[in-house]
Amino acid sequence: MADPATISPAPLLKDELDIVIPTIRNLDFLEMWRPFFQPYHLIIVQDGDPSKIIKVPQGFDYELYNRNDINRILGPKASCISFKDSACRCFGYMVSKKKYIYTIDDDCFVAKDPSGNDINALEQHIKNLLCPSTPFFFNTLYDPYRAGADFVRGYPFSLREGVPTAVSHGLWLNIPDYDAPTQLVKPLERNTRYVDAVMSIPKGTLFPMCGMNLAFNRELIGPAMYFGLMGDGQPIGRYDDMWAGWCTKVICDHLGWGVKTGLPYIWHSKASNPFVNLKKEYKGIYWQEELIPFFQSVTLPKDCTSVQKCYIELAKQVKEKLGKVDDYFLKLADAMVTWIEAWDELNPSGASKSAALPNGASK
Amino acid sequence: MSVAIKDDEIDIVIGAVRSDLTSFLNEWRPMFSRFHLIIVKDPDLKEELKIPEGFNLDVYEKPYMDRVVGSSTSVLFSGYACRYFGYLVSRKKYIISIDDDCLPARDPKGFVVDAVSHHITNLTTPATPFFFNTLYDPFAEGSDFVRGYPFSLRSGVKCALSCGLWLNLGDYDAPTQALKAKQRNSRYVDAVMTVPAGSLVPISGINIAFDREVLGPALVPALKLAGEGKFRWETMEDIWSGLCVKVVCDHLGLGVKTGLPYVWRTDRGDPIASLKKEWEGVKLMEEVVPFFQSVRLPREATTVEDCVVEVANAAKERLGSTDPVFARAAKAMLDWVNLWKSVGYISSSSSAV
Chain A
1 MADPATISPA
11 PLLKDELDIV
21 IPTIRNLDFL
31 EMWRPFFQPY
41 HLIIVQDGDP
51 SKIIKVPQGF
61 DYELYNRNDI
71 NRILGPKASC
81 ISFKDSACRC
91 FGYMVSKKKY
101 IYTIDDDCFV
111 AKDPSGNDIN
121 ALEQHIKNLL
131 CPSTPFFFNT
141 LYDPYRAGAD
151 FVRGYPFSLR
161 EGVPTAVSHG
171 LWLNIPDYDA
181 PTQLVKPLER
191 NTRYVDAVMS
201 IPKGTLFPMC
211 GMNLAFNREL
221 IGPAMYFGLM
231 GDGQPIGRYD
241 DMWAGWCTKV
251 ICDHLGWGVK
261 TGLPYIWHSK
271 ASNPFVNLKK
281 EYKGIYWQEE
291 LIPFFQSVTL
301 PKDCTSVQKC
311 YIELAKQVKE
321 KLGKVDDYFL
331 KLADAMVTWI
341 EAWDELNPSG
351 ASKSAALPNG
361 ASK
Chain B
1 MSVAIKDDEI
11 DIVIGAVRSD
21 LTSFLNEWRP
31 MFSRFHLIIV
41 KDPDLKEELK
51 IPEGFNLDVY
61 EKPYMDRVVG
71 SSTSVLFSGY
81 ACRYFGYLVS
91 RKKYIISIDD
101 DCLPARDPKG
111 FVVDAVSHHI
121 TNLTTPATPF
131 FFNTLYDPFA
141 EGSDFVRGYP
151 FSLRSGVKCA
161 LSCGLWLNLG
171 DYDAPTQALK
181 AKQRNSRYVD
191 AVMTVPAGSL
201 VPISGINIAF
211 DREVLGPALV
221 PALKLAGEGK
231 FRWETMEDIW
241 SGLCVKVVCD
251 HLGLGVKTGL
261 PYVWRTDRGD
271 PIASLKKEWE
281 GVKLMEEVVP
291 FFQSVRLPRE
301 ATTVEDCVVE
311 VANAAKERLG
321 STDPVFARAA
331 KAMLDWVNLW
341 KSVGYISSSS
351 SAV
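Just so you know, the protein sequences line up as chains A and B, in that order. One point on numbering: in our numbering, the residue at position 248 of the first sequence is 248, and numbering is uninterrupted. One point on numbering: in our numbering, the residue at position 176 of the second sequence is 176, and numbering is uninterrupted.
Hints may contain errors.
Straight-line C-alpha distance at most 25 Å; calculated SDA-like pairs for lysine to any residue [said to hold, decoys possible]:
(1) B:K109 - A:A149
(2) B:K182 - A:P144
(3) B:K277 - A:L159
(4) A:K316 - B:P150
(5) B:K316 - A:S158
(6) B:K180 - B:K230
(7) A:K283 - B:F151
(8) B:K158 - A:G204
(9) A:K280 - B:P150
(10) A:K324 - B:K316
(11) B:K283 - B:F151
(12) A:K186 - B:T124
(13) B:K109 - A:E189
(14) A:K280 - B:S143
(15) A:K186 - B:A140
(16) B:K230 - A:F157
(17) A:K99 - A:L255
(18) A:K280 - B:L153
(19) A:K280 - B:P138
(20) A:K99 - A:V56
(21) A:K270 - A:N120
(22) A:K270 - B:G142
(23) A:K279 - B:R187
(24) B:K158 - A:E290
(25) A:K112 - B:R187
(26) B:K331 - B:S143
(27) A:K279 - B:L153
(28) B:K182 - A:A149
(29) B:K109 - A:R190
(30) B:K316 - B:P298
(31) B:K180 - A:K186
(32) B:K180 - A:K279
Taking CB as the label site, the calculated pair distances span [to be verified]:
(33) B:L57 - A:F157: 38 to 48 Å
(34) B:K50 - A:M32: 51 to 61 Å
(35) A:G323 - B:R328: 50 to 60 Å
(36) A:F157 - B:D114: 28 to 38 Å
If you are wondering where the hints come from, they were derived from the structure by calculation, not from laboratory data. Backbone N, C-alpha and C fix where the C-beta goes; we use that ideal spot for every residue, glycine too.
Chain A on its own, in the form it takes in the complex:
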């Protein structure tokens, strides 16, 4: 059942995609990914103690940023980048010069499909991003552009061209992405179900976006991928990717772009400590009851025609409507604006084409 595209030996988008990896421990996991990642440029965002040396396995082309670098490059705007939380990865999105980003956690490994073959997750993400999405009408046979599939009877022909795909959200075998209460109740549950599908999340529908195995078109949606204020000095953790996902989905819906979820799978090896997680998530579990209705009812004015404009407008509404939930949201709204300012500074319009620009300095 292998479709012809997987037999192609040439890595796709080699010079147009950066792999962003946040890490605080080590990058040993890269050894397993070597066959799939080696052709690509890596952006390592080192969290925690900047004096620690993170060894990058031989043979990878990379740039590495620690907290000192982030402070140096952003100056006072560095306040929007989280510390002691993998949310710091979004700094990598900002400094990248490429059209596409793939981000993966350092406890995620190569998974096997039901036939026992290694899954090239990056290749599947690239396919997802290069193929249109279909958010305006649900296709019951899932991704109609996949080999062996198509649009079903009843699907209007005028909707079959689809729209550009902004985000490809992959999934995880083994340790599923559960919240702390669920982890506590089901510590032994493992995700063993391989669901052989990619699908577009319908317009107007929100979803919980996980940053463990995620790819996106940075040129389209990059500025919306801010992972918020988490970790040290913040009242909340483990909601970074959720926040980015809700903002991104609202903006994609507004601008007519698609978000896909499903394949590829990676193998998630580490279950984080549920008690530690509970402490981090605690406030989020309450706050999300306010956040979801907020995002579900957000409307962006017609003149928000760019991602930055949409994002600034969102920040305004966060301040107005969520400020009363907690002061944290006032800080977050300000940080959202700072993020856009920093993004625009590092990515002046006209310089976003990647061809002529070199990668950042590697260490």
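Knowing the structure of chain A, use the given hints to seat chain B on it.
Chain B only, in chain A's frame:
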């Protein structure tokens, strides 16, 4: 799946578009024999039905249909729409309906898929239309809600309809199947998911199940193409019906699931012949989908009947002048609601056969 299925709460409704149901029923026997079957013969079918022994069933044919609904109304039930007569006269809570050219499928491990019990599991576990769960059905074995899923939405809502899928001959339209003549659906996607609220979906009638008690007349035998024929490529009645159901479910806070179970749909018919004969359906969808996307049901519409009437009136108003098929569909919907009120009791206490 360890759902206790109460056998007397289920009717299996089969619309007989072909006369010889012998191999169909024999193949499904292990899964069907516990239940009561309603076989409805397409009133246009001339041959005698051939039905194997050993089933607990009722068979309805044109003369009886004419007596119950009047011969002018029984035209609602020609072709694939004959099954709706079965929905009308059933007294059970759940209905499962499968096209007569579909057989049990096998999963990737080689086990026969019990479509009946899968559908019942779908209908008896909550749906989650208000927020997308990236691990699909959170109530499936080995699954759950993911991080970031609001707790207040985790009890879900009642699932009113379960739409299954098809291996081998996928439910493509004629142009698609004609273009990809050899394409067969071999991908077994091991998931059930709730179609999000506000999102419309083409609900194929080939392999469905629904809660009759809850949905009542929401499934409507309404859109009859001028050249409607005896292959699914030549119909759109189920697609119209499904869009109506989804709009009603979204309005009333009910769920619609899609995905498992699969059935094996046998090769039948010629898409090119269907295309030559009938491509009106494909054209009409360009009007149908935007129409349903724009339907807004008023707050006062609190019952399924109210909702269906509203949709019918909106269809007449907005689509009636586009094509006579829509004006006829709108009228058929109103006739159907009236028929349901007089013939199809909805009370849960009348479940005895």
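Each hint tested on the structure:
no. : hint                        : verdict
1   : B:K109 - A:A149             : holds (21 Å)
2   : B:K182 - A:P144             : holds (16 Å)
3   : B:K277 - A:L159             : holds (24 Å)
4   : A:K316 - B:P150             : holds (24 Å)
5   : B:K316 - A:S158             : holds (23 Å)
6   : B:K180 - B:K230             : holds (21 Å)
7   : A:K283 - B:F151             : holds (13 Å)
8   : B:K158 - A:G204             : holds (21 Å)
9   : A:K280 - B:P150             : holds (16 Å)
10  : A:K324 - B:K316             : violated (47 Å)
11  : B:K283 - B:F151             : violated (43 Å)
12  : A:K186 - B:T124             : holds (23 Å)
13  : B:K109 - A:E189             : holds (22 Å)
14  : A:K280 - B:S143             : holds (23 Å)
15  : A:K186 - B:A140             : holds (14 Å)
16  : B:K230 - A:F157             : holds (23 Å)
17  : A:K99 - A:L255              : holds (18 Å)
18  : A:K280 - B:L153             : holds (21 Å)
19  : A:K280 - B:P138             : holds (23 Å)
20  : A:K99 - A:V56               : holds (24 Å)
21  : A:K270 - A:N120             : holds (20 Å)
22  : A:K270 - B:G142             : holds (18 Å)
23  : A:K279 - B:R187             : violated (42 Å)
24  : B:K158 - A:E290             : holds (24 Å)
25  : A:K112 - B:R187             : holds (17 Å)
26  : B:K331 - B:S143             : violated (44 Å)
27  : A:K279 - B:L153             : holds (22 Å)
28  : B:K182 - A:A149             : holds (12 Å)
29  : B:K109 - A:R190             : holds (20 Å)
30  : B:K316 - B:P298             : holds (17 Å)
31  : B:K180 - A:K186             : violated (45 Å)
32  : B:K180 - A:K279             : violated (54 Å)
33  : B:L57 - A:F157: 38 to 48 Å  : holds (40 Å)
34  : B:K50 - A:M32: 51 to 61 Å   : holds (60 Å)
35  : A:G323 - B:R328: 50 to 60 Å : holds (55 Å)
36  : A:F157 - B:D114: 28 to 38 Å : holds (36 Å)
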